[in-house]
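**Q** Sequence:
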Amino acid sequence: MLTRDRADIGLQKFFKLNYTALVDRKPWRKAVQMTRTSLSLGMGGMISMSSYNKRGSDAFSMYFAYFPEVIEGLEFNDFWSFLFYGVLLGLGITTFFGLLETPISALTDQFKFARNHRPITIILLCFVGLGAGIIQCTRIGYHIFTIIDMRVIPFMAEIMVLLQLLAIACYGPHNFYRDINAAMGKKVNFFGYFVSPYGLIVRISQFVLSPFLIIGELVLLH
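First residue of the sequence shown? That's 395 in the working numbering, and the numbers climb one at a time after it.
Just so you know, these hints were derived from the structure itself, not from any lab. Do not rely on the hints blindly, as some may be mistaken.
Stated by the list, open to error - Keeping only pairs whose Cα atoms sit at most 20 Å apart, straight-line, the calculated DMTMM-like set for lysine to aspartate or glutamate is: (1) LYS407 - ASP418; (2) LYS420 - GLU611; (3) LYS506 - GLU495; (4) LYS424 - ASP543.
Unchecked claim - The following label-pair restraints were derived from C-beta to C-beta distances: (5) ILE538 - GLY467: 49 to 55 Å; (6) ILE598 - LYS506: 38 to 44 Å; (7) PRO513 - THR414: 54 to 60 Å; (8) LEU560 - LEU405: 44 to 50 Å; (9) CYS520 - ILE609: 31 to 37 Å; (10) THR414 - LEU518: 49 to 55 Å; (11) LEU483 - ASP418: 30 to 36 Å; (12) GLU466 - LEU405: 38 to 44 Å; (13) ASP573 - LEU483: 29 to 35 Å.
Glycine residues also receive a C-beta, built at the ideal position from the N, C-alpha and C atoms.
Let the hints inform the model, and build the full structure from the sequences given.
**A** This is the structure we're talking about:
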């Protein structure tokens, strides 16, 4: 591509800073939506999958501290490290399964029939998703997809994040972090009091910064 004519013009436009875009709300809205979508915030996937963890389990330390330390002691550790993190990449790509687990968990927890017939519930939900996907394969499917992708999903994700914050506030911050502490199964030191999953910084972010940012996004970026 660099050998083509006028390639330098494209590179100049690509690397040239446009400070006027900082005062435009559209790039900010796109950045917020992309961040929320990439992290699956407000969609319930991480919450649903974390409900299957055993109490006291520390998945982050297991994947990024213990396993790499074990692999480092193996022969051909570079090869095994490549395979290990390739598996992690594959798990990240299959985020859809976590998103599908959200309605499955909601239905099985709420309705006895769905709980007793979990395979049937999963199959029905998959067929519902298949039907919704087939509609988007029609001639007007692109327009439907654009509306859902650009309008429905970002707005609903904002509302879901706000509702989750309200639910935690109604349940009580003290009760919420007490449950997290019990699930983690261990106490933290002075440093962890500030940066742990139930530390002071996380609490300030969840109960002070996040509500104002979500409300500001709903008001200013729409």
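**Q** Which earlier hints turn out false for this structure, listed by number in ascending order?
**A** When the structure is compared with the hints, none of them turns out to be violated.
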